[in-house]
Amino acid sequence: MSTDDIGRRSVRSAAVLAGTLFLVLVVALASAFLWASRPVDVTGSFEEFVTVPDTPFTAVSEPATSTLPPYTIASLKGPAGVIALSLPSAAVGGRVLDAVAAAGLDPLTAQVVRTTQTAVDADGVMTPYITISLIDESGYFDVLGMSTDGNALWYSPPILQVPSDLSTGSTWESEGLTVDVAPFTLTGSVKGPATVADDVDGYDGRAGCVDLRTSLDQEIPGAEGYSVERLTTWCPGLGAIASTSLLDDVVTRLADPADIAWPEMAALSAPVPRDPGTVLPLPIMGAAVSRAPLSVPGALVALNSSTDDVVQFTAAAPPEPPQEDASRVLWLQHPGGAVLALAVGGDRILVTTSLRQLQSYDLAGRLRWSVPLPDVASGEPVVLGDTVAVALLDGTVRGFSLDSGAMRWTSRLSDVVLSGPVVAGDLIVVADTAGYVLAVEEDGTEAWSTSLEPVEDPLSAFDDGSVLIAQTSGDITLLDSSGDPRWSIAPPDGGVTGPGVRWGDVIALPTDGGLRGVAAVDGDLRWTLGDIVDAQVTSSGLVAAGDRVVSVTPDGVPTEVVQVREADGSAPSRLFLATLGTEWVAVSQSGAMTVLGVRDE
Amino acid sequence: MSEPTNVPAVSRQTIGGFLSDLWRVVLFRPVRYGTLHLSDNAPSIAGITWGVALLYAVTVVSILFANPLRAVSDLDSSVSSSSVLAVPTLLIPAVLCLLGIAFGLLLAGTQRAPWWRRVLYLLVVWGALVSVVGICVGLGSSGALGATSVVMGFIVLGYCIVMWFARTRPAIDAVILVVLSTGILLVAYRSLVVQNLLGTTSGELITVSFILTQVASLALPIAFLSGVSATALGVSVVSWSGDDLGRRATRWIVVLLIVLALGWQWVTLLGQALVGAGALALLGREGLGALALVIGCAAVWWLVHRGAREERPAPGQVAGASVAVAVPVAYAVTSTTFLGSLLGALVAALVNVAPPSVVESVTALLDLVTTSAFVTVVRVLVIAGLVAGAVILMRRGSRLLAAVAGLDALVLATVFGVRPFAPEWMWTPSALGNIGVVCATVLAIVWTSTRRWDRARATFVLVLALMSALIRQADFFAVPLGFLIGASAAALLIVGLVWGFLVDGGDAHADTPGFPRDRRLLALLGTFLFAITVVAWAVIGKDVGMTTALAATSSLALVTLGSALVIAVVLAAASPWLGRHGPATTDARGAQSDVG
Chain A
1317 MSTDDIGRRS VRSAAVLAGT LFLVLVVALA SAFLWASRPV DVTGSFEEFV TVPDTPFTAV
1377 SEPATSTLPP YTIASLKGPA GVIALSLPSA AVGGRVLDAV AAAGLDPLTA QVVRTTQTAV
1437 DADGVMTPYI TISLIDESGY FDVLGMSTDG NALWYSPPIL QVPSDLSTGS TWESEGLTVD
1497 VAPFTLTGSV KGPATVADDV DGYDGRAGCV DLRTSLDQEI PGAEGYSVER LTTWCPGLGA
1557 IASTSLLDDV VTRLADPADI AWPEMAALSA PVPRDPGTVL PLPIMGAAVS RAPLSVPGAL
1617 VALNSSTDDV VQFTAAAPPE PPQEDASRVL WLQHPGGAVL ALAVGGDRIL VTTSLRQLQS
1677 YDLAGRLRWS VPLPDVASGE PVVLGDTVAV ALLDGTVRGF SLDSGAMRWT SRLSDVVLSG
1737 PVVAGDLIVV ADTAGYVLAV EEDGTEAWST SLEPVEDPLS AFDDGSVLIA QTSGDITLLD
1797 SSGDPRWSIA PPDGGVTGPG VRWGDVIALP TDGGLRGVAA VDGDLRWTLG DIVDAQVTSS
1857 GLVAAGDRVV SVTPDGVPTE VVQVREADGS APSRLFLATL GTEWVAVSQS GAMTVLGVRD
1917 E
Chain B
7 MSEPTNVPAV SRQTIGGFLS DLWRVVLFRP VRYGTLHLSD NAPSIAGITW GVALLYAVTV
67 VSILFANPLR AVSDLDSSVS SSSVLAVPTL LIPAVLCLLG IAFGLLLAGT QRAPWWRRVL
127 YLLVVWGALV SVVGICVGLG SSGALGATSV VMGFIVLGYC IVMWFARTRP AIDAVILVVL
187 STGILLVAYR SLVVQNLLGT TSGELITVSF ILTQVASLAL PIAFLSGVSA TALGVSVVSW
247 SGDDLGRRAT RWIVVLLIVL ALGWQWVTLL GQALVGAGAL ALLGREGLGA LALVIGCAAV
307 WWLVHRGARE ERPAPGQVAG ASVAVAVPVA YAVTSTTFLG SLLGALVAAL VNVAPPSVVE
367 SVTALLDLVT TSAFVTVVRV LVIAGLVAGA VILMRRGSRL LAAVAGLDAL VLATVFGVRP
427 FAPEWMWTPS ALGNIGVVCA TVLAIVWTST RRWDRARATF VLVLALMSAL IRQADFFAVP
487 LGFLIGASAA ALLIVGLVWG FLVDGGDAHA DTPGFPRDRR LLALLGTFLF AITVVAWAVI
547 GKDVGMTTAL AATSSLALVT LGSALVIAVV LAAASPWLGR HGPATTDARG AQSDVG
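Each protein sequence line maps, in turn, to chains A and B. Residues in the first sequence are numbered from 1317 upward in steps of one, following my numbering. Residues in the second sequence are numbered from 7 upward in steps of one, following my numbering.
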């Protein structure tokens, strides 16, 4: 071997060594970032055992032994600080963090579970209930429970429901104070493995389940206390799937929603007409409405953005204590994660979440189905016939059965979809951020496609099958039912801020530069109301902008202005219009409804 | 016309031969000669280069599999009333780690460069790090973590200044600065995570997204260059193909190809006219604007090459010249945007930790660089610089570079000067393509009727027809990639970045006392890694705003300098009839000495 060869080899070896060391450094740095991104998980296999699923599931009571109606449980697990912020009361959220500290837990590592339990009786009356639990290396603790109107009870220290030692025969005891005044004592024992084969349909032979027996004695100062004894079956990854009250033999168990015999819900009585201007506050603490409510027969469905709860409410019929002038919550659901969109299709309420779920609830608030999605949904889902179409960030639009949630078809666009699909005539139309526009039929068959400038703003669809598309270049193009461009305009100063609505031969289009009236036939700009910006437009000529509701004629003439106020007299920053029964109402960001008057049919 | 003697002796009569030569000449040879050659670098630097190349490749693959990755990952979401941002949970720490490595390499490379470069990069990179620290620390009570990151920031600054005066080793500098830069981001990120877990802030994802949006603006020049690189690739492929087919195919095959290329475009053109959708950009002011541009470019080309006797430049040489001229243009054109983002991030960082007077000063500077007047001044300077550069280059004998600079100046002058004030006169690539179609048709008819139709003229008409089609969709090769990965807007950007990484390594081969070879290489590696990291966030994280900004910059390059490149290639092909050039070489990308 020559000197040159030796030299080249040594250089090569040095380079390989340097490269290897560099990659080792990179791996070390990457590992450090992974550590930094999440708290250390101290619960290990126990956490897996008590982990509840992120998606809602439904529990029912045995009809032969109980008068309890079916109810839905939705659980969300996350860091204590994050969960505390999602509660409808800052004070209660603070108690969660206090409980974590009082239990000697590390707030950075403690995992908290929020469970929302809802039930609807045959009269449509329901009170949702939220419980907060803790998981750490010693077990699963209940911290507090609260109703959405603020009534809460809490345990100091948190009460141990499931210990981490699940060996047969192990026992535990937990004692403390309820609401800081009432002593409680809980004793528990692990009865042994549960085989659930005879107990819960659909979970036959599931391994690893255990039966726990607990006895809670609650003293109440100045009153008679009570005791509760239960036999509960816990299964890995599911939590409590069955529970029997040993005092009255009431059994509750998990069930597939499709197998449940739901009680018929009586039709809601029509809301009693109120005088225009009547303000009905929503009796939910910390309500924050950031999207337009959905109109369903006799009620409204809205998203409480502060807690990511879906709430159905209506106007209470007087006299009904204690809040004669308040709206009444019919049901509340917590789909899990952040709710991205709500939509109504037939008698179903469709919800998409940041956990990549598409869920369907009936008008009684009961979960009917929940399907996973490969990516997060964009915009609202739409319904055409018995198909639900939802667009995803991965650039696809998918069709599902409205009845069962079964996936029917997938169509692919060329880039990310930000503006949700719309129904134009008998087609579903969607556009991606690269400007590719696709129209499909109910069965997913492509009807037409075309390419425009990039699209990010909401699409506007009309009954004749035409679609109005605003592009990031500033151009607004109307495509006919065949996808051919009918006209294109470039209005000055302002992008589209919401979907346009057809008023006769004019399209009322909300833009940054004001509400514009554009001729449907040729795009000619007919009029502009520059002081009505970021508006929500309805088909009846009502327009909500800021704290005002304006009635506008198709000629662009404002005929009536209503100033809306919150229940406390303050001016709302934003309003949403919806119909409740025969009336138009304006819903503020706090959820207060202001009656506007009877709508035109 | 006789065959050029330097054409490789291969089987010229087969499609296989054509494809083989296309691969070898247009695709393989630029990579072979343009990629990084590490034999003259220190072994430690070579090793680091391989490590960075592996990181780069992994990142590119992750981008290509963005949708499947998202489908199997947990997502962190941030929802507002108008938009949703959902990113894979692991993407945040991965991107921050890569950014830290890129920043470390950039500092290690540039702090031993000419003074203007070292000061500029120190301000930009250190400013970005300080911004990140300030934003994360300023959100709430971060305690020791915040203090640690601040201290580390000053250590980085101190070490860079030490590098100015001490003879430190490049590899050691790289490792130390990578560790420090990454450490700063690590500590700042941990501070943010802790605050989120404690509930003092709920905006971990929002904050990270904000930070990356500001930092990503530093990638705008690279996005611009990637658009030029990608266009150059497309131009090289199409123009070489036309040239080669014109030489090797039989006369009737060439005529058939011309008929197909022109015929398809005429059918499309007439179809649009019949629909009346306003797309017939031939008559009317848009067409006249395009015609004026073409005439202007031809005049510039003739002026520069008047009296020249050198060989006609090959398409690859023209493309190389375009990329070389594009480098200063890219930084100048995007300077107002990334300066604004950097200053905006600094304001956000300083508002919590600095005295009001300092914040006001930075805010005033921010207000200045975001005014339309400042933007106009910068644009005028860009155009003036190109004109001055063209004159200087011409006097030095670099006629190709001078011509490309002149064409770029003319194109940018119309974009910046005509579009805002008289948009109806603004040319479009479609209008330019239509002019090309008409010219090709007219030339074919005239030369045929006057019995001057020969192989050279047929080749030129074929090239003109193909380039007319190309200019309408210069990113045609990126379209299938876009559909494949579900990110068509970013496809051109990705192709340009990857191609640029493969063929633009020549910048790192030079070696001067003021900017040694190893330092150049580290700076180049940091630049490429930074750009691909930003693209990874944009595509995998589905950050549409960032994707749009980067893709729009690439598209701007495609429309402006890309159009100028297409025109230049056509003028180069027409040189035998415009000037006194001899036959061209068939190298697809060579003559680095002409563009260096």
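Bear in mind the hints are in silico, worked out from the structure with no lab data behind them. A few of these clues could be false.
Negatives, chain A to chain B, calculated, CB over 10 Å [what the hints assert, rightly or not]:
#	residue
1	Leu1337
2	Gly1397
3	Ser1405
4	Glu1540
5	Ala1654
6	Val1849
7	Ser1867
8	Gly1872
9	Glu1882
10	Asp1884
Covered, in the sense of this in silico footprint (three residues per stretch, anywhere, with C-beta under 8 Å from a C-beta of chain A), are these stretches of chain B [unchecked claim]:
#	stretch
11	112-122
12	156-163
13	177-185
14	392-398
15	486-493
16	547-558
Note that this is a predicted model, so its numbers are computed, not measured. Yeah, the Cβ is synthetic: ideal placement off N, Cα and C, and Gly gets one too.
Here is what the structure says about each hint:
{"no.": "1", "hint": "Leu1337", "in the structure": "7 Å, violated"}
{"no.": "2", "hint": "Gly1397", "in the structure": "3 Å, violated"}
{"no.": "3", "hint": "Ser1405", "in the structure": "14 Å, holds"}
{"no.": "4", "hint": "Glu1540", "in the structure": "39 Å, holds"}
{"no.": "5", "hint": "Ala1654", "in the structure": "4 Å, violated"}
{"no.": "6", "hint": "Val1849", "in the structure": "14 Å, holds"}
{"no.": "7", "hint": "Ser1867", "in the structure": "25 Å, holds"}
{"no.": "8", "hint": "Gly1872", "in the structure": "26 Å, holds"}
{"no.": "9", "hint": "Glu1882", "in the structure": "19 Å, holds"}
{"no.": "10", "hint": "Asp1884", "in the structure": "23 Å, holds"}
{"no.": "11", "hint": "112-122", "in the structure": "violated (count 0)"}
{"no.": "12", "hint": "156-163", "in the structure": "violated (count 0)"}
{"no.": "13", "hint": "177-185", "in the structure": "holds (count 4)"}
{"no.": "14", "hint": "392-398", "in the structure": "violated (count 0)"}
{"no.": "15", "hint": "486-493", "in the structure": "holds (count 4)"}
{"no.": "16", "hint": "547-558", "in the structure": "holds (count 4)"}
Comparing the model with each earlier hint shows violations of hints 1, 2, 5, 11, 12 and 14; every other hint is respected.
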